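Given the coordinates of chain A, assemble chain B with the ligands onto it according to the supplied hints.
So the sequences go chain by chain: A and B. Position one of the first sequence corresponds to residue 1 (the numbering used here), numbered consecutively onward. Position one of the second sequence corresponds to residue 1 (the numbering used here), numbered consecutively onward.
Bear in mind the hints are in silico, worked out from the structure with no lab data behind them. Please read all numbers here as calculations on a predicted model, not as lab measurements. Backbone N, C-alpha and C fix where the C-beta goes; we use that ideal spot for every residue, glycine too.
Here are the simulated lysine to aspartate or glutamate pairs, DMTMM-like style, with alpha carbons at most 20 Å apart:
1) K215/B with D9/B
2) K215/B with D235/B
3) K405/A with E415/A
4) K62/B with E87/B
5) K459/A with E442/A
6) K131/A with E400/A
7) K20/B with E65/B
8) K433/A with E460/A
9) K448/A with D163/B
10) K249/A with D134/A
11) K459/A with D163/B
12) K20/B with E81/B
13) K120/B with E188/B
14) K448/A with D168/B
15) K448/A with E144/B
16) K72/B with E38/B
17) K155/B with E188/B
18) K459/A with D168/B
19) K62/B with E15/B
20) K123/B with E147/B
21) K155/B with D213/B
22) K448/A with E147/B
23) K62/B with E317/A
24) K448/A with D160/B
25) K120/B with E147/B
26) K448/A with D157/B
27) K215/B with D74/B
28) K459/A with D164/B
29) K131/A with E415/A
30) K120/B with E87/B
31) K448/A with D164/B
32) K448/A with E154/B
Here chain B is said to cover these stretches of chain A; the calculated rule only asks that three of the stretch's residues, wherever they fall, bring their Cβ under 8 Å from a Cβ of chain B:
33) 323-331
34) 433-447
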Amino acid sequence: MAATVSPERDVVVPPIQRAFREGLYAGAIALGLFVLFIGLRTDQNISNELILVQRWLLLALVVIATAVGRFLYVGYAQPAMERAKAEKAKAPAVVAEPGFVRQNFNKIGIVVLLLYPIAMVLAFGFQGSLKWVDNFGIQILIYVMLAWGLNIVVGLAGLLDLGYVAFYAVGAYAYALLGTHFGLSFWILLPAAGCMAAFWGVMLGFPVLRLRGDYLAIVTLAFGEIIRLVIINWREVTNGSAGISGIPKVSFFGLMSFNVSDPNYIAKVLHIAQSGAYYKIFLYYLILALCFLTAFVTIRLRRLPVGRAWEALREDEIACRSLGINTTTTKLTAFATGAMFGGFAGSFFAARQGFVSPESFVFLESAIILAIVVLGGMGSLGGIAVAALVMIGGTEILRELGFLKVVFGPDFTPELYRMLLFGMAMVIVMLWKPRGFVGSREPTAFLKERRAVSGSFTKEGHG
Amino acid sequence: MNTTPSSSDFILQVEHLSMKFGGLVAIGDLSFQARRGEITALIGPNGAGKTTVFNCITGFYKPTEGMITLNKRDGSTYLLERLPNHEIPARANVARTFQNIRLFSGMTLLENLLVAQHNKLMKASGYTFLGLFGFPSYRQASAESIELARHWLEKADLVDRADDPAGDLPYGAQRRLEIARAMCTGPELLCLDEPAAGLNPRESAALNELLMDIKNSTSILLIEHDMSVVMQISDHVVVLEYGRKISDGSPQTVRTDPRVIAAYLGVDDEEVEEVLTEVGDEDVIEQLDTGPDSAHGPGNSASMMAGPVSDSVEHADEGERVTVSKGASKAAQVDARAASIASNPQPAAKPAAKSSAAKVAPKKPAAKAPAAKADSASKGTQAAAKPTSGKRGGDK
Ligand SMILES: Nc1ncnc2c1ncn2[C@@H]1O[C@H](COP(=O)(O)OP(=O)(O)O)[C@@H](O)[C@H]1O
Ligand SMILES: [Mg+2]
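Just chain A, with the same shape it has in the complex (with noise of 0.2 Å):
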């Protein structure tokens, strides 16, 4: 009989008591698990001998804040969080009417974006806002420029791309050095290093149009990586490892420059105070429309016939050239389109830091990009904007944690476990969310009402 077969479960045990056997269990297997991890560390003494320190108290401590974690998990999380499923379906389906924000999404975001410096400079003043303007804002906004490009790319096309990097790293060079050697403006340079980083695009695509998936993944991966080497070993033009340094500032449309020796200094056309942060204030606003025009270009892009070539493209490829679609041509703008918001950001990336190395194109570069548009949402604008700002920002924000010295004594730095958050968050949300953080897809044109199109339906391109 049913019934005989598993008596445990018709003996009701009070939620506390089984919570409580539950943070049991899991503090005795953090103790075995740890015992070795924490409770002794290896190290040196005077002498140079090795030996062992014994960390009992910071052992105890976490096995039980393990115990509790888990007792107050299953004896009060879970069961609140089972009632609230158990009304959730009781209550009757109304779909819920996206709220405010939800609804309002894109323009709150522009409005915040537009505001940000301003709010910043008002509450912690001109020099204060420094950090907030140019460590977030700008850095948050680099980001965002990138993964929208290679959003293009990934998203749209369905080409999987892990060197993405390279064209960034063509833009920031290509300013740095038409910068430096002949003078040129940003305002000139900024579209001549979108063309150059194109042409790098086509120059990848064409040997790579053939490949798919994890063929293509892996050529661009060592394109990038050629491109790194070139710019290491080059040294005549490069100057190598060492980077350009003095990449001259952007000029305020030629019209006030963010030089302070200069005759048209800002501070001196507006007879204001001298401050470092009208160039950042500046900076910001840059990237920001660069952001907009990045955003603008894409939405256009969908909505007209080459767009959704990419996304056919990303859905069937053998279908497309049923249709009579080429898809050479099609591949290779997307690369090219890609490539070139690549390399807008760089020259920006160039003109903002004064200083370009090899180090800043490192294929890690790659993989953030490529992680933020994944956990967006391939192809979703918004949510690339929003994961951009969680991994970006959050890492940011770990320096900002200086109380955490106080819990783990003086010696504990912060910023040193960036990765491993970044990856902790990745897993996590691509747990709780397979798609990213918007998994649907906004259709180009409709006939009668435009109604997002679920993930599960979307592709993601086989390369």
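Showing chain B with the ligands alone in chain A's frame:
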């Protein structure tokens, strides 16, 4: 170009087409024509090479030999085997569907149909540059393309679901959508690969209606498995078996061609009998009723089964052994039999048949031969002689 005077009647002329995969001859010296404004059906058993013919016509395969000529209405002529893949729909106006449906499943129905109008819209958008800045010429072309899409959605009875993802449609609707999508490219020749496969009778009827409608403006080349569909709607039938044409003509003539019956339906004893009675052709029954030919095909006795020579081929792609038995072609068996009847009217001396332990009902030995192929093991024959069909079950 090779244009015979009568060529303009034919929208498509396939001449001496051969396609080899390694040593496997998927199509051997196939010639046929499709007349403008007609539905030409291409039929044949699984693995006969029908899809391969389509792939050659639409440029997915480059034929080993042969010529495929397409005559457009405006008099221009294209040699399809020389055009790159994507230019065949774009310039020669040949559209196709796939045996395993290939839709853009994450895009809405409307978007699917808009992608099909890519080349036209691309030109209207000034290769993207004009469109990017919102020029009115593109906006007008865009509105027209949506109208065309709506037209075909209405024809395919899908207009209510225009804004749903294509992957969300039921199977029959997906088939119709794929046809509508192909029609949006504005083809002169539409190639349909088993459009009725897997449809229920109601969906099948809707499909027939759609095809008859399309036929008014576009010539159709149709691969079909279901004989009843073929007989109902096609004007001209070409029958393939093992990559060779075994019959060509109106549905009526093909239907009564003994070679077709043997090849296409000779898979199962009962089925043949059924068809024979259905056709009611005494001649055919008589012809088929002559017992196995000693030179060809598997006989019934074990000693005979060692017979057929088979050319085996190492399949380069899959490392799979594809063996095509000389005795496999049922149409060839019928031919040979007819020849032997002609030479000695008394189909006497069947020593093999006499010694056969497995000899069954003397009524239908011809059907017996293919059956022996299908399940020779169960009939107590040697597996060695079984013409291994290799990959011939499924096709992609
Ligand atoms: N790309 C290919 N490579 C190797 N063999 C192929 C290929 N395509 C088709 N064939 C072979 O050609 C033969 C005909 O296949 P196909 O044209 O798909 O038959 P069907 O008449 O069922 O559509 C089969 O034996 C198949 O295995
Ligand atoms: Mg087929």
